[in-house]
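As given, the protein sequences belong to chains A and B, one line each in that order.
Everything in the first sequence is counted per numbering that gives the first Met the number 0, starting at 0 for the first residue and increasing by one.
Everything in the second sequence is counted per numbering that gives the first Met the number 0, starting at 0 for the first residue and increasing by one.
It is possible that part of the hints are untrue.
[As the list claims (entries may be wrong)] Capping the alpha-carbon separation at 30 Å, the derived lysine-lysine pairs in DSS-like fashion look like this: (1) A:Lys-211 x B:Lys-176; (2) A:Lys-264 x A:Lys-11; (3) A:Lys-213 x B:Lys-162; (4) A:Lys-168 x B:Lys-183; (5) A:Lys-238 x A:Lys-176; (6) A:Lys-21 x B:Lys-140; (7) B:Lys-84 x B:Lys-140; (8) A:Lys-183 x B:Lys-168; (9) A:Lys-11 x A:Lys-211.
Calculated from the structure, these hints are not laboratory results.
What follows is each chain in one-letter form.
Number of protein chains: 2
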Amino acid sequence: MLNRLRELALEKSPFCAGIDLKTDQVPAFMREAATSETSAMLEYGKLCIDVVFPYAAAIKFQIACYEAYGLEGMRVYSELIQYAKSKGAVVMGDIKRGDIGSTAEMYARAHLSGDFEVDIVTLSPFMGEDAISPYYPYFGKGEKAAFLLAKTSNPSSVDFQDKNVEGAKLYDVILDKILEWKNKLSAGGDYTPLGAVVAVNAASDIEALREKCKDLFLLVPGYGAQGARLEDLRTLLSKYKNGVVNVSRGYTAGLSECKDMEELKSALEERAAKLAQELRAVYE
Amino acid sequence: MLNRLRELALEKSPFCAGIDLKTDQVPAFMREAATSETSAMLEYGKLCIDVVFPYAAAIKFQIACYEAYGLEGMRVYSELIQYAKSKGAVVMGDIKRGDIGSTAEMYARAHLSGDFEVDIVTLSPFMGEDAISPYYPYFGKGEKAAFLLAKTSNPSSVDFQDKNVEGAKLYDVILDKILEWKNKLSAGGDYTPLGAVVAVNAASDIEALREKCKDLFLLVPGYGAQGARLEDLRTLLSKYKNGVVNVSRGYTAGLSECKDMEELKSALEERAAKLAQELRAVYE
Chain A
0 MLNRLRELAL
10 EKSPFCAGID
20 LKTDQVPAFM
30 REAATSETSA
40 MLEYGKLCID
50 VVFPYAAAIK
60 FQIACYEAYG
70 LEGMRVYSEL
80 IQYAKSKGAV
90 VMGDIKRGDI
100 GSTAEMYARA
110 HLSGDFEVDI
120 VTLSPFMGED
130 AISPYYPYFG
140 KGEKAAFLLA
150 KTSNPSSVDF
160 QDKNVEGAKL
170 YDVILDKILE
180 WKNKLSAGGD
190 YTPLGAVVAV
200 NAASDIEALR
210 EKCKDLFLLV
220 PGYGAQGARL
230 EDLRTLLSKY
240 KNGVVNVSRG
250 YTAGLSECKD
260 MEELKSALEE
270 RAAKLAQELR
280 AVYE
Chain B
0 MLNRLRELAL
10 EKSPFCAGID
20 LKTDQVPAFM
30 REAATSETSA
40 MLEYGKLCID
50 VVFPYAAAIK
60 FQIACYEAYG
70 LEGMRVYSEL
80 IQYAKSKGAV
90 VMGDIKRGDI
100 GSTAEMYARA
110 HLSGDFEVDI
120 VTLSPFMGED
130 AISPYYPYFG
140 KGEKAAFLLA
150 KTSNPSSVDF
160 QDKNVEGAKL
170 YDVILDKILE
180 WKNKLSAGGD
190 YTPLGAVVAV
200 NAASDIEALR
210 EKCKDLFLLV
220 PGYGAQGARL
230 EDLRTLLSKY
240 KNGVVNVSRG
250 YTAGLSECKD
260 MEELKSALEE
270 RAAKLAQELR
280 AVYE
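Bound-form chain A, shown alone:
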């Protein structure tokens, strides 16, 4: 699935569209026409998917945004996944689950089959390989994959991830493990089934990170609201073209003032086209 994702990144753009909605982001005209806040969210989400599909390599849903609205929110999450899949999109569930043994088996079943089935999940490797190995049986012949958290972009990521561990940063140790696990599962030159979530900021040693990650496919958060700069993304990705860049709020938020469907569609279309163009430049 990560090989396929790379093809789509080259073909469309390395834009991963994050559909991470909050009910107050939905334009008032849609909320007024809907029977509930969550059904308005569902309609807005479908529109966001329709517009972005031709531009984006993948569509990612941050499950927290839907969990926050309880059972109805989870229904919207499930329906948006189905909808994006029915269009032929590569669909990611940003679930960052991290638990062990029989619990991880249940999470794998939850998110790689059934109502919440996606193509790719994000996972937290903090508990070690047995938090990840229960997902292996679902990876099968490359249909499913996972991005494992290695280096995040939040200020307090330094609390642990930047600590020195036996002469290296903790995130370096984690990247080594991800490579080791991936190489057990797939042939050389193959990106699937395990990639890494890697954020960059101005302070990062991006060249070193790039070389460290050259055999991994990356999910890079932080462009837009979280502050990653295009030049840093280019330094990280242009050489090996081995990642997608997520943008969520920069695509879906801030449009709640749109007056009607025509205005909303054209605003989304403009953003999707612009983000795809900017992010295509990251591969150049």
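Got chain A sorted already, so can you dock chain B onto it with the hints?
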């Protein structure tokens, strides 16, 4: 809430009852009488809660077991939480969520209010304090709390948690941070609102861990199926009486052969009484 949990541990027992069901654990007579697998799970869950309530300091739900059954599973999760709360139990959601900023805000809203509202959540601190601080507004006057993962019991926990970080084990560094964050939030001598998830096994230096954790309330997994021994639990907890011990499968699993309600109830009752008695001895 962790002060209250300690009172209950002293009064009833330090037994935290994990209601982590799988549909195939439900006795056949209950499955046959139910309209669906998940409604059988709900009935069995309610019975497990009814029987264990007088014996256990808290009731913990592993959300993965319910997520695995999709939307219907999440409905069961929500209903079991409501049911346990309606009896007056301290209710924990074992969610181990770990994400940052606006995402953590959404998870906090999801699990400390609304359909999935519990008293105490488990969280992963791997991304640093800004994965935890969005929960702080919900802690209020002690009504809510969180246990943060520090040291887990799975074999591959050594992949990262046991690494040497600037002269200490990573889990020691994490425990220091948890203490620091807790002390910002509460007065001295107060356990709430942040505790730690700490597992022990025969290889641990349990005395050192005990002293390190003396000002934290602990959630200790691993008794029963995961292999923690009573003598190790006593070494960890008898001195400061500052933790509860979770047992899940040892209470709810392996009873699928029970023939009728009478047999099932008496088997659950026997287990609950025995576990409470064994775990009371851990405080002695």
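Consistency of the hints with the structure:
1. A:Lys-211 x B:Lys-176: The hint holds at about 29 Å.
2. A:Lys-264 x A:Lys-11: 20 Å, holds
3. A:Lys-213 x B:Lys-162: 25 Å, holds
4. A:Lys-168 x B:Lys-183: OK: A:Lys-168 and B:Lys-183 at ~28 Å, within 30 Å.
5. A:Lys-238 x A:Lys-176: OK: A:Lys-238 and A:Lys-176 at ~23 Å, within 30 Å.
6. A:Lys-21 x B:Lys-140: 28 Å, holds
7. B:Lys-84 x B:Lys-140: Holds, because 19 Å separates the two Cα atoms, which is no more than 30 Å.
8. A:Lys-183 x B:Lys-168: Answer holds: A:Lys-183 to B:Lys-168 is near 28 Å, not above 30 Å.
9. A:Lys-11 x A:Lys-211: 26 Å, holds
The structure meets every hint from the earlier list without exception.
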